[in-house]
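Novice: Make a model of the complete structure from these sequences and hints.
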Amino acid sequence: MKQAKTAAVGMPKKKVRPLKALARDWQLWVMIIPAIVYIAIFCYGPMYGLQLAFRDYDFSKGITGGDWAGFKYFIQYFESPMFWPTIRNTFVIAFFSLICGFPIPIILALAINAIKGPAWKRTVQTVVYLPYFISTVVLVAMLQILLSPTTGLVSNALKAIGLIGADANLLGDPWAFVPVYVISGIWQSAGWNSIIFIAALAGVDGQLYDACKVDGANRWQQVWHVELPAILPTIIILLIMNMGGILNVGFEKTFLMQNSLNKGVSEVITTYVYNVGLKSVQFSFGSAVGLFNTVVNFAFLMLANQISKRAANISLM
Amino acid sequence: MSTKVAKVPKANKIHERSASDVSFRIVVGIITIFSFVVVLYPLYFIVIASFSDSTLVNRGEVLFYPKGISLYGYEQIFTRPDIWRGYLNTVIYSFCGTALNLAVTLPAAYTLSRRNFPARGIIMKLFVFTMYFNGGLIPTYMLINEVGLLNNPLIMIIIGAVNVYNLIITRTFFENSIPEDLYEAATLDGCSHFRYFFTIVIPLSKAVTAVIMLYYLVGHWNDFFNALLYLNSDAYQPLQIILRNLLLLNQAMAGSSGAGASAYAQQYADQIKFGVIIVSTLPVLCVYPFIQKYFEKGVMIGAVKG
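Line order of the protein sequences matches chains S and W.
The first sequence begins at 156 in this note's numbering and counts up by one.
The second sequence begins at -1 in this note's numbering and counts up by one.
It is possible that part of the hints are untrue.
What the hints assert, rightly or not - Using C-beta positions, here's what the derived DEER-type ranges look like:
1) Phe32(W) with Asp360(S): 29 to 39 angstroms
2) Asp19(W) with Ala195(S): 52 to 62 angstroms
3) Asn114(W) with Lys276(S): 42 to 52 angstroms
4) Lys227(S) with Ile120(W): 13 to 23 angstroms
5) Tyr203(S) with Phe32(W): 49 to 59 angstroms
6) Phe214(S) with Lys291(W): 45 to 55 angstroms
Everything labelled a hint here was simulated from the structure, so no lab data went into it.
Every value quoted in this text rests on a predicted model; they were computed, and no experiment measured them.
Even glycine gets a Cβ: it sits at the ideal position worked out from N, Cα and C.
Specialist: This is the structure we're talking about:
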């Protein structure tokens, strides 16, 4: 009896609480509602639309109207002749972007951090951050200008010193696509990516350097024993995030650099989704390929996250 | 005697140390000078080439300073209505888009920074999930079509209204850089969330506002992907699409035909391409120095994310 009474008293109390909280927080809710609405419609809406990948799309019935097709479109992709080329191209581009692109911002940050003159330091920083703000269209246009097989400044210089053959076409030859993609990517974003390490290095306690000097460490050893350990957590977090995006090869740049000569190596999953799904209007097939890409990416992210959690006790989530 | 003995190895050690420190200085010097030159020279080349005679540029004679000064490229750009329409569209999309971004992101970040807001944890999780998982190209395209924003210029303003990464940066800034005492003092005086947000939080958050504003602004200015996907009409195309047609598809002289005409078209394209690159990139580069001092702060706040 007593218990029932307390329960009865307890019940309405619990019901009132959210309402009271709502009355108290209504202004906070008003401030966040636009963001919730946007995320719900434009991020979760398409996730609901992913069922398209499991249905036969029917123009007259809309996204959710077609008949269930199960994994038909996934199997169609796995069995298509474009499956391995798109996977391979995506991995090759992503792998070399990561392997070549990841250490350079760290080295750059260590070097910028070691500059003594503040004016020169400022100047170097201003210049190396700059390319990040150039649009992909302009970047690719600059590549076409500088690497043109006939008039390109850079391609002619490379030919003059014998690094590439006289008849090489850096814009069309299939072997040149990945190096050009990766190196121009480093040119554009190494400076920007170094900011986070520079900021982490600025937070290193000066006493650590002093202690190091007392122990007789030279400047190289200070880098090894003080600076690298200081930025290690940042390095690991960024490595996880980059691993998670391993199949997220930028659509824009690949698409813009793509031409009939290099298509064999430049067709990645995202451009394939665009070309097959949108251009050739195979909505269900395109959705399935896109979903496959997202799921693999997500799995990589989780894997990298788990590994770093085990190994270094650092994780994203 | 003993002091003398002790001094000699010490001096040696200092000598050794300075030798390796010299090698360190040299390597640092090489890396920074190399980066500086490699990054700056292509940009510098585009600038000098835009003022030079394109024949000399193509012959590789313009290397360190403009030759055969010619403003022909710039003159041609001023006479092309498609470039200016694209420019105007981009300015409108960037300005309205960034205003919408800030109007959505800043208040949402404030709500998520209030520790006693009950739904904070779940909303944050649902938002962060979208950073790693999304519907993908085609379902998003279908949705945009469904809500009637296909080939509607509004899409260029609405899409990306809130970027979760920028939201986290802003929220972290509000949490860490605005003293909680201020909030307590304000609420004791009966200050509402709205008033506190507008009169205390916003004026104290210039740094983070500047950073996310730059991120959003540059994102809108350089946006090519969304226009490619969602806009068909020529009248709505932003600058980046016009640039692509002009620079990458060689449509500078669209409509002309014949071998002679195509050679002429090539020369014409060569003349204007450098100028077009400069004209289209200049506005972003003008904003950049003013906000540069906030970069490190902004990136650092983002790195602290939980």
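Novice: All hints, please: hold or fail.
Specialist: Here is how each hint holds up against the structure:
A C-beta distance of roughly 30 angstroms is found between phenylalanine 32(W) and aspartate 360(S), which places it inside the suggested range of 29 to 39 angstroms. Range check, aspartate 19(W) to alanine 195(S): Cβ separation about 58 angstroms, and the 52 to 62 angstroms hint holds. At roughly 43 angstroms, the beta carbons of asparagine 114(W) and lysine 276(S) sit within the given window of 42 to 52 angstroms. Remark: the range hint 13 to 23 angstroms for lysine 227(S) to isoleucine 120(W) is contradicted by a beta-carbon distance near 36 angstroms.
Checked against the given bound of 49 to 59 angstroms, the beta carbons of tyrosine 203(S) and phenylalanine 32(W), roughly 50 angstroms apart, stay inside it. Separated by about 53 angstroms at the C-beta atoms, phenylalanine 214(S) and lysine 291(W) satisfy the suggested range of 45 to 55 angstroms.
Of the numbered hints listed earlier, the single one contradicted by the structure is hint 4.
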